[in-house]
Amino acid sequence: MFKRILIANRGEIALRIIRCCREMGIESVIVYSTADAQTLAVQFATHAVCIGPPKVASSYLNQNAIIETAVKMECEAIHPGFGFLSENADFVKLCEKNNITFIGPSSEIIRKMGDKQAARELMIRHKIPVVPGSKGLVASADEAFLEAKKIGYPVLIKASAGGGGRGMRKAFDESEVKEAFDIARREAMDAFGNGDMYIEKLILKPHHIEFQILGDREGNLIHLGERDCSIQRRNQKLMEESPSKALSESLRREMGEVAVKAAKAADYYSAGTVEFVLDKSGNYYFIEMNTRIQVEHPVTEMLTNIDLIREQIRIAAGQRLGIRQEDVVIRGHAIECRINAENPVDHFKPCPGEIGFLHFPAGYGVRVDSDLYAGCTTTPYYDSMIGKVIVHAETRLEAIRRMRRALEELIIEGIETNTDFMHLILYHPDYIKGNYDTSFWEEHVEEILKWDRDCRKGMENE
Amino acid sequence: MKLNEVYDLIKKFETSNLCEMNLEFDSTKLHLKKDSIESGHAVRTMMQMDSSALGNDMSEKNMLEEEKDIICIKAPLVGTFYRATSPEEQPYIKVGQQVRKGDVVGIIDAMKLMNEVSAPRDGIIIEISAEDDSLVQYDQVLVKMKEFCDV
Chain A
72 MFKRILIANR
82 GEIALRIIRC
92 CREMGIESVI
102 VYSTADAQTL
112 AVQFATHAVC
122 IGPPKVASSY
132 LNQNAIIETA
142 VKMECEAIHP
152 GFGFLSENAD
162 FVKLCEKNNI
172 TFIGPSSEII
182 RKMGDKQAAR
192 ELMIRHKIPV
202 VPGSKGLVAS
212 ADEAFLEAKK
222 IGYPVLIKAS
232 AGGGGRGMRK
242 AFDESEVKEA
252 FDIARREAMD
262 AFGNGDMYIE
272 KLILKPHHIE
282 FQILGDREGN
292 LIHLGERDCS
302 IQRRNQKLME
312 ESPSKALSES
322 LRREMGEVAV
332 KAAKAADYYS
342 AGTVEFVLDK
352 SGNYYFIEMN
362 TRIQVEHPVT
372 EMLTNIDLIR
382 EQIRIAAGQR
392 LGIRQEDVVI
402 RGHAIECRIN
412 AENPVDHFKP
422 CPGEIGFLHF
432 PAGYGVRVDS
442 DLYAGCTTTP
452 YYDSMIGKVI
462 VHAETRLEAI
472 RRMRRALEEL
482 IIEGIETNTD
492 FMHLILYHPD
502 YIKGNYDTSF
512 WEEHVEEILK
522 WDRDCRKGME
532 NE
Chain B
2 MKLNEVYDLI
12 KKFETSNLCE
22 MNLEFDSTKL
32 HLKKDSIESG
42 HAVRTMMQMD
52 SSALGNDMSE
62 KNMLEEEKDI
72 ICIKAPLVGT
82 FYRATSPEEQ
92 PYIKVGQQVR
102 KGDVVGIIDA
112 MKLMNEVSAP
122 RDGIIIEISA
132 EDDSLVQYDQ
142 VLVKMKEFCD
152 V
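Same order as they appear, the protein sequences are chains A and B.
Residue numbers for the first sequence, in this note's numbering: 72 to 533.
Residue numbers for the second sequence, in this note's numbering: 2 to 152.
Don't read these hints as lab results, they were simulated from the structure.
Certain hints may be false.
If you anchor each label on the Cβ, the simulated ranges turn out as follows [to be verified]: (1) ASN135/A with ILE72/B: 25 to 35 Å; (2) ASN414/A with ILE72/B: 53 to 63 Å; (3) ILE482/A with LYS12/B: 43 to 53 Å; (4) GLN98/B with ARG381/A: 48 to 58 Å; (5) ILE71/B with LYS126/A: 23 to 33 Å; (6) HIS430/A with ILE71/B: 41 to 51 Å; (7) MET72/A with ILE72/B: 38 to 48 Å; (8) ASP378/A with ILE125/B: 30 to 40 Å; (9) GLY424/A with GLU25/B: 32 to 42 Å; (10) ASP70/B with GLN109/A: 48 to 58 Å; (11) LYS12/B with HIS418/A: 42 to 52 Å; (12) PHE428/A with SER130/B: 38 to 48 Å.
From the derived model, a few chain A residues whose C-beta atoms are all more than 12 Å from chain B [to be verified]: (13) SER130; (14) GLU139; (15) LYS143; (16) GLU167; (17) ASP338; (18) VAL366; (19) THR466; (20) TRP512; (21) GLU518.
With a straight-line cut-off of 20 Å between C-alpha atoms, the simulated EDC-like cross-links for lysine to aspartate or glutamate are [unchecked claim]: (22) LYS126/A with ASP133/B; (23) LYS351/A with ASP501/A; (24) LYS272/A with GLU245/A; (25) LYS143/A with ASP133/B; (26) LYS198/A with GLU325/A; (27) LYS102/B with ASP123/B; (28) LYS113/B with GLU145/A; (29) LYS143/A with GLU132/B; (30) LYS143/A with ASP140/B; (31) LYS220/A with GLU250/A; (32) LYS143/A with ASP134/B; (33) LYS316/A with GLU469/A; (34) LYS308/A with ASP440/A; (35) LYS272/A with ASP287/A; (36) LYS420/A with GLU397/A; (37) LYS420/A with ASP454/A; (38) LYS420/A with ASP523/A; (39) LYS143/A with ASP110/B; (40) LYS198/A with ASP378/A.
For every residue, glycine included, the Cβ atom is placed at its ideal position computed from N, Cα and C.
Here chain A stands alone, though its shape is the one from the complex (with noise of 0.2 Å):
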């Protein structure tokens, strides 16, 4: 097992990471810029070292100082956590080449889920379903209305370069499909100086259903399970859970062999996640496999009492995988929460600032993952989410109420932050059901944000 590991990351999951190498007697080496000085991260840590100004560019993404540091420091691995480098092939090579172990799959399969027109047609060689679409790239106008007649409408025009839902159109009909055509590889030639253009099947209205897998570097891969996100803002996670409501006994089976099959197709080892979109008839695409830890990875640990990031770490120091798929067992139900430093009313604008009286939640079945402490500032450079608040419970209403619960535990002075509206999300009719997808965030914000208003009239006129 390795002695000293150092950790490229901040926030809460470089203290996830810290607290975990604390627990395996691992020494921690945080690297971090001069605005986290003062977290609890590089307190936490065995060592700290300040490799760089607030810019991510000269810091958590500087390449040279980072391996620098470990060779110095004497680090035996790696942790990259999520985002910043976790998923730069070209870091993991650095590595490889520096004789340090990355906390991760190997640079080539990062490489090859991470080309996501290469990581599709490796999915339907292996006869995963993935999103039906052009076999190649799309010259034109012409050849897109051509190939868009034969996936049929609504369909999708996205840029290969894509990103950030920039590149990207929708078109429902034939009439549309020029214009849109045209838009879309103007914004992708403008954004990413790359007009190369396919087309896909638009899913309207698709649930985000992941797979979390597990796998050792003997080729022992197991899942552990879906996890719903299905609550998102323009793409980005707000609340996740498992299990599915959208899923039967028989579909999470199915699914769930279907994910072990794509990682196994890609050679896959440590933690990842495979994606899929699932529409209302059931039908599920594989859209692409996350090749790190993921921010709601602690849904899965809750269910199923496998700490993921220690299975990670194991898996890297060689050691193979202790549980085997018949082992697994999901009990109950967990959901997860982001609270992000941002304020709801004003457009859920970022709003970073000193917090003042802070009080975490806690009880039966709570989890809070932040780095958040009174007295502590969050400073602009970086990520809103200032923290997770998990739950577990017998059934998913039980979960429902004890994460309510929680949330009105949950006091955070001195900035704004989304509490309120993630409590308010947990009283919505669709959401109790279980009868939402991801456009529920566009369907029912002005309505939630109107409840918000409301109550704090409400307040006023007491």
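Take the given structure of chain A and dock chain B to it, following the hints.
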């Protein structure tokens, strides 16, 4: 203010949690400062009183200006700090040495790339704060120097 009262005050200041203290009454001005709280000692104690009371002719203004003249040369990146090009070579600088703006004062090895660190102004080296062949963090003070003043 009597001299032994001042000494009493210094003692109390040394054991207190304060880093810095300014006192001013009648014809007396007193400025106390120490570098760190943990050490419990006043690393540097500066005292200035009206010349009629103590016969000390150094003015507070001069002392403050001297502090201001000190330039801290900080690490521009993380890496290993070396005082010389190789262990056999003479170090780039010694305490008390005069340097010109742009003179190399040390190097930082990051990923086997040698990055020269140079003096930002003309001056005299007063302290080499970073140890030779040690990992220095971003923004860590490497060398302290005193700028030449126009007299």
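So, against the hints stated earlier in the document, which numbers end up violated here?
Result: hints 2, 8, 10, 11, 13, 14, 15, 22, 35, 36, 40 break, sorted rising.
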